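Participant: Here is how the chains run, residue by residue.
Protein chains: 2
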Amino acid sequence: MGRRDPYIGVIGLGYVGLAYAIAFSLYGFKVFGVDIDSERIRAIKTGLVEDFPREVVSKALEESLVVSYDYDILKDADIVFIAVDTPTNPDASQDLSQILSALKSLAEVWKDLKYSYRVIVFKSTVLPGTTRRLADYAREILRLPVPDRVGIVYNPEFLRSDKALEDVLRPFRVVVGGIDDKSSNYVVELFREFYHRVGLDVPIFVVSPEEAELIKYASNIFLALKTLYGNIIGLVCKEIENCDAWKVMEIAGLDPRIGRSHIMPGMPYGGPCLVKDVLAFAHFVEKKTGIKFIRYIHEHNEMLIDRIVEEIEYMLGELQNKKIAVLGIAYKPGSSNIKDSQSIQLIMRLLSKGAEVYIHDVDSEALNKAKNLLKNVNMIYSYEQLKDVDIAIVTVKYNEYIRLAQQPYANTLLIDLTGALEDNDKIYRFYATSVKKVKNIKNLK
Amino acid sequence: MGRRDPYIGVIGLGYVGLAYAIAFSLYGFKVFGVDIDSERIRAIKTGLVEDFPREVVSKALEESLVVSYDYDILKDADIVFIAVDTPTNPDASQDLSQILSALKSLAEVWKDLKYSYRVIVFKSTVLPGTTRRLADYAREILRLPVPDRVGIVYNPEFLRSDKALEDVLRPFRVVVGGIDDKSSNYVVELFREFYHRVGLDVPIFVVSPEEAELIKYASNIFLALKTLYGNIIGLVCKEIENCDAWKVMEIAGLDPRIGRSHIMPGMPYGGPCLVKDVLAFAHFVEKKTGIKFIRYIHEHNEMLIDRIVEEIEYMLGELQNKKIAVLGIAYKPGSSNIKDSQSIQLIMRLLSKGAEVYIHDVDSEALNKAKNLLKNVNMIYSYEQLKDVDIAIVTVKYNEYIRLAQQPYANTLLIDLTGALEDNDKIYRFYATSVKKVKNIKNLK
Chain U
0 MGRRDPYIGV
10 IGLGYVGLAY
20 AIAFSLYGFK
30 VFGVDIDSER
40 IRAIKTGLVE
50 DFPREVVSKA
60 LEESLVVSYD
70 YDILKDADIV
80 FIAVDTPTNP
90 DASQDLSQIL
100 SALKSLAEVW
110 KDLKYSYRVI
120 VFKSTVLPGT
130 TRRLADYARE
140 ILRLPVPDRV
150 GIVYNPEFLR
160 SDKALEDVLR
170 PFRVVVGGID
180 DKSSNYVVEL
190 FREFYHRVGL
200 DVPIFVVSPE
210 EAELIKYASN
220 IFLALKTLYG
230 NIIGLVCKEI
240 ENCDAWKVME
250 IAGLDPRIGR
260 SHIMPGMPYG
270 GPCLVKDVLA
280 FAHFVEKKTG
290 IKFIRYIHEH
300 NEMLIDRIVE
310 EIEYMLGELQ
320 NKKIAVLGIA
330 YKPGSSNIKD
340 SQSIQLIMRL
350 LSKGAEVYIH
360 DVDSEALNKA
370 KNLLKNVNMI
380 YSYEQLKDVD
390 IAIVTVKYNE
400 YIRLAQQPYA
410 NTLLIDLTGA
420 LEDNDKIYRF
430 YATSVKKVKN
440 IKNLK
Chain Z
0 MGRRDPYIGV
10 IGLGYVGLAY
20 AIAFSLYGFK
30 VFGVDIDSER
40 IRAIKTGLVE
50 DFPREVVSKA
60 LEESLVVSYD
70 YDILKDADIV
80 FIAVDTPTNP
90 DASQDLSQIL
100 SALKSLAEVW
110 KDLKYSYRVI
120 VFKSTVLPGT
130 TRRLADYARE
140 ILRLPVPDRV
150 GIVYNPEFLR
160 SDKALEDVLR
170 PFRVVVGGID
180 DKSSNYVVEL
190 FREFYHRVGL
200 DVPIFVVSPE
210 EAELIKYASN
220 IFLALKTLYG
230 NIIGLVCKEI
240 ENCDAWKVME
250 IAGLDPRIGR
260 SHIMPGMPYG
270 GPCLVKDVLA
280 FAHFVEKKTG
290 IKFIRYIHEH
300 NEMLIDRIVE
310 EIEYMLGELQ
320 NKKIAVLGIA
330 YKPGSSNIKD
340 SQSIQLIMRL
350 LSKGAEVYIH
360 DVDSEALNKA
370 KNLLKNVNMI
380 YSYEQLKDVD
390 IAIVTVKYNE
400 YIRLAQQPYA
410 NTLLIDLTGA
420 LEDNDKIYRF
430 YATSVKKVKN
440 IKNLK
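Residue numbers (numbering that gives the first Met the number 0), protein chains in the order written: chain U, 0 to 444; chain Z, 0 to 444.
Honestly, the hints are just simulated from the structure, not real lab data.
Only a predicted model underlies this, so the values are computations on that prediction, with no experimental measurement involved.
One should not assume that every hint holds.
In this list, chains with the same sequence are indistinguishable; a pair is considered to hold if it fits within one copy or across any two.
Below, in silico cross-link-like pairs of lysine-lysine (DSS-like), each with a Cα-Cα straight-line distance of 27 Å or less [unchecked claim]:
| no. | residue 1 | residue 2 |
| --- | --- | --- |
| 1 | K374 | K286 |
| 2 | K286 | K368 |
| 3 | K291 | K246 |
| 4 | K425 | K322 |
| 5 | K425 | K291 |
| 6 | K396 | K338 |
| 7 | K352 | K386 |
| 8 | K237 | K286 |
| 9 | K287 | K237 |
| 10 | K287 | K246 |
| 11 | K338 | K368 |
| 12 | K246 | K181 |
| 13 | K352 | K58 |
| 14 | K386 | K58 |
| 15 | K396 | K331 |
| 16 | K286 | K246 |
Given these sequences and hints, build the entire structure.
Facilitator: Spelled out as structure tokens, the structure:
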């Protein structure tokens, strides 16, 4: 890199932005992180943010990381990563307002810049073609010529929310899609230097912004598709005697062309990325090509919750006033993220059927969030409460829930949607043959 | 194993049956192979069968392999593998007639058996539940009690037709689904001994017949789904500026949860297994669960050929009397198998539009088969003929076709459906940005 390391700015300190901010500062870069949410800034300053160990956040703050809700700290940033949300609108289009507003604020801060070269890197998931449109917008509002004085790059992230820092440090590949060579080269240089310090040889690909944007969707939607596929095979298994879907998919997954990740039947895919990404991409693909296949992925995934509810109705009869416990609220273990969690969908469906719902999550923050979001749910403070429910549904793979099934008070029928629980007469494994073992569930009604 | 190795019978000497017959005999087992097609038997005896090196077939025949169209040689076989075809009927149900007829013939041969235990192993792809129904059928027609004296097992194969022997010798896993423990154990013992001799530690799974049947479909249909997915991303790329689908999928595939196999855009999936398997499974899934998703895989795959034809029409205008070369007939390189080859579909579509079609395949047997199957096609005997066609379409990834693009006579526009050809102004890469380079293709009309 030039005379000194570039100063790095990060706008949006969710798990993506924060992971990069921490990673760069841990490896000697000066980092300025901005989030308009002052609560979030306060949380980061205390080191108490979900998905990141406190000592790692503190270490980054000690090293070089400065965080603020004030964009002014970005004045000297040579390269700014924008990692704000890009939610999907109800009409399935993409809401870019947070990116636009970040660009506007940055234009304000950079208005008096003298001679220098700056780079803006978009990390938010955006539909193919968006980066060039954002470059046009940047050209309008920045008082600096784009791309001569300001480079624009799309650089997708492939981070798991609960392993974001790990995924920044050990990516399968880095994809750099600049609107010109100068922009791309700047970012390639930065990542080369960064991974050199990390001590890892990471493949870095320079592609067009459109290719970079599409690689992100092509990757993410494939994982959603895999999850759906495993669940469809799961539903097929339920209709076949002597067929355990978990066993079937585990053995199928031994073929490395298939792989064992994302194919085990269980809950539908959910979480903060997949649902909105599939929806936005489905809309995009249909508009561009007329092909509905991606939309079908979304629709079939939605249908899976109906199937689960139907199964519970089959077991309990009318759900009106039935007491149902849902164990697991966040979209995966170790997370307190309940955004687009399929557990929430399930709970809402159960509530709409008149059930009394009792909820639990090992992560207390997830539980509190759910309490605020959902009306009329009851909290499970002690597993003893399970004695009094008609049925308990395990939706997130926590060891605690696995052990639960062995407790004496677990006389309640447990529905296992995770495949983690030991086979046991008291457990109704949603996708498994033991369904037949508890066929006298009819008596429960 | 007991006192001596079990004698092995194989019914159906297509690439699956033959691969096992050869493999077992190469590792010291006595093998009797039967195929009712006397031509096939003759071919095997001369060592000239596609997909198997002549010296390997000869070696097997020298060792212990006896082949015949006469079932009588199966009299002393302790274990018989049935590897005949199970085509899909026009109504998408599965045609089991070849299995039933094999069982009938075997019953005849085994009618005077004294005390002994025999095992029948089905290798043909059959829908879940079929093995137990076949066991019932065997119970009726065999004069021996099933399963006391005759064990029944489903043991799916996961062989690539052009690498069948290699795949028998180095499988990712062996799946054994017997109707009782005794049946399963017999087959497990045999494979354990076999892989012990091969010197390979192969995971062997004992499951129910239904699970074994489903594992086969779950694996195969996933690969079809992957191929479709890559092609859909390919079609999306065509509608985006600066987007090379091959590059996109190659980089996406670096994530091991995705993998690079089966995701490169190109021809729709085809060949002797995938098309019929998807169709049969789609029908099965819809009947069992009401879910249409698998059927959509089939429908979208069929649609891909339409898209290719539309593209050619866009380039050439009306296809009536246009001269079109199709390079590659078999469903993959190194194969002479044209069954359910998507090239054949493409050619038939072009013919129906009134085009004059010129065909070529590096494999002369594939070409001869196509000549017999298709009326009104012209053969390409020399690549010089390409000078006179309006367009040439490369459908199978052969080095010969790759080199072709560099020849002086290749002034003809080549459409590359394989991703293998070098980027070049004369080449129209179906899924790639260079489409835009040759946008003056309009002039071709």
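Participant: To test your reading of the hints: which numbers does this structure violate?
Facilitator: Hints 1, 2, 5, 13, 14 contradicted; others consistent.
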